[in-house]
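Asks: Sequence:
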Amino acid sequence: MRLTVTIIILLTFFGSKGQTPTKELKIREVGWTLFIPTDANFLNAAQFDTIRQKAVNAMNKAYGVTDEEFKQLKPLFTIRQGQFNIFGSTLNPYDSSMFDNWQESYAASKLMMMDLFKQQGPNLEVADTASSTETIDGLTFEKFYIKTIYPQRNLTMNTYWFYRKHDNYDFSINISYTDETVGKKFLDIVKNSKFDK
Numbered sequence: 099m100r101l102t103v104t105i106i107i108l109l110t111f112f113g114s115k116g117q118t119p120t121k122e123l124k125i126r127e128v129g130w131t132l133f134i135p136t137d138a139n140f141l142n143a144a145q146f147d148t149i150r151q152k153a154v155n156a157m158n159k160a161y162g163v164t165d166e167e168f169k170q171l172k173p174l175f176t177i178r179q180g181q182f183n184i185f186g187s188t189l190n191p192y193d194s195s196m197f198d199n200w201q202e203s204y205a206a207s208k209l210m211m212m213d214l215f216k217q218q219g220p221n222l223e224v225a226d227t228a229s230s231t232e233t234i235d236g237l238t239f240e241k242f243y244i245k246t247i248y249p250q251r252n253l254t255m256n257t258y259w260f261y262r263k264h265d266n267y268d269f270s271i272n273i274s275y276t277d278e279t280v281g282k283k284f285l286d287i288v289k290n291s292k293f294d295k
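In my numbering, the protein residues as written are 99 to 295.
If you're looking for bench data, these hints aren't it; they were derived computationally from the structure.
Wrong hints could be hidden among the right ones.
Calculated lysine-lysine pairs in the PhoX-like style (CA-CA distance at most 25 Å, straight line) [said to hold, decoys possible]:
1) K208 to K121
2) K289 to K172
3) K282 to K169
4) K172 to K295
5) K241 to K208
6) K172 to K159
7) K169 to K152
8) K282 to K245
9) K283 to K121
10) K245 to K124
11) K263 to K124
12) K169 to K124
13) K292 to K121
Work the whole structure out from these sequences, hints included.
Replies: Okay, here's the thing in structure tokens:
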């Protein structure tokens with residue numbers, strides 16, 4: 099009996115030290131495989147559309163961008179954990195007629211994003227930004243980090259945007275979080291993901 103109890107305690111101890119059970123998520127359009135916790139809360143199409151519509155409204159107010167211009171944006175997945183922790187990815191057909199090259203398109207997108215933040219006035223403060231590259235399973239992504247503070251809500255948000263031209267697409271991976279533990283989990287999922295070679 100004592101041996102059985104000891105084994106059960108050890109199994110429980112070591113089991114709790116293990117990784118969270120995961121399921122494989124394959125994104126065929128870009129040959130991407132992620133290992134997502136089985137308890138992940140995926141947003142459905144209607145929930146994603148609500149988030150997308152907020153972005154469209156902000157872009158429309160600032161730049162006159164219409165909903166029609168966002169129609170080709172394809173959500174690959176969106177996961178929400180808690181109110182302010184979101185991890186998602188999108189594809190958008192790359193339009194070579196707007197810029198001479200992909201790098202110019204990326205630079206313009208960053209400037210537009212920063213401009214949108216500045217237009218929020220006292221509701222939002224950009225506390226920090228950083229640009230670099232990140233290699234994920236052999237593929238190089240542009241990485242843009244933004245730390246924003248929402249004084250009226252006493253909230254600090256960290257956002258990572260991984261971006262690359264992938265075949266004929268602009269391929270984006272976005273992670274925004276207020277909870278450091280959740281943010282680390284999302285970033286680890288990206289860092290441990292695999293791409294078809």
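Asks: The structure should be examined with respect to each hint, and the outcome stated for every one.
Replies: Against the structure, the hints:
For the proposed pair K208 and K121, the alpha carbon gap of about 33 Å is over 25 Å, so the pair is violated. Between K289 and K172 the CA atoms are separated by roughly 22 Å; this keeps the pair inside 25 Å, and the hint holds. Using a Cα cut-off of 25 Å, the hinted pair K282 and K169 is violated, with the two alpha carbons roughly 31 Å apart. In summary, the hint linking K172 to K295 is supported, as the alpha carbons are separated by about 23 Å, within the 25 Å threshold.
With a CA separation close to 11 Å, the supplied pair K241 and K208 stays within the 25 Å bound. Of the pairs offered as hints, the one joining K172 and K159 holds, with about 22 Å between alpha carbons and a cut-off of 25 Å not exceeded. With a C-alpha separation of about 14 Å, the suggested pair K169 and K152 falls inside the 25 Å cut-off, and the hint holds. Distance restraint check for K282 and K245: the Cα-Cα separation of roughly 15 Å lies within the 25 Å cut-off, and the hinted pair is therefore satisfied.
Distance restraint check for K283 and K121: the Cα-Cα separation of roughly 15 Å lies within the 25 Å cut-off, and the hinted pair is therefore satisfied. For a cut-off of 25 Å, the pair hint linking K245 to K124 is broken: about 30 Å separates their Cα positions. For the proposed pair K263 and K124, the alpha carbon gap of about 19 Å is at most 25 Å, so the pair holds. Restraint check for K169 and K124: the C-alpha separation of about 23 Å stays at or below 25 Å, so the hint holds.
Of the supplied pair hints, the one linking K292 and K121 holds, its CA atoms being roughly 14 Å apart against a limit of 25 Å.
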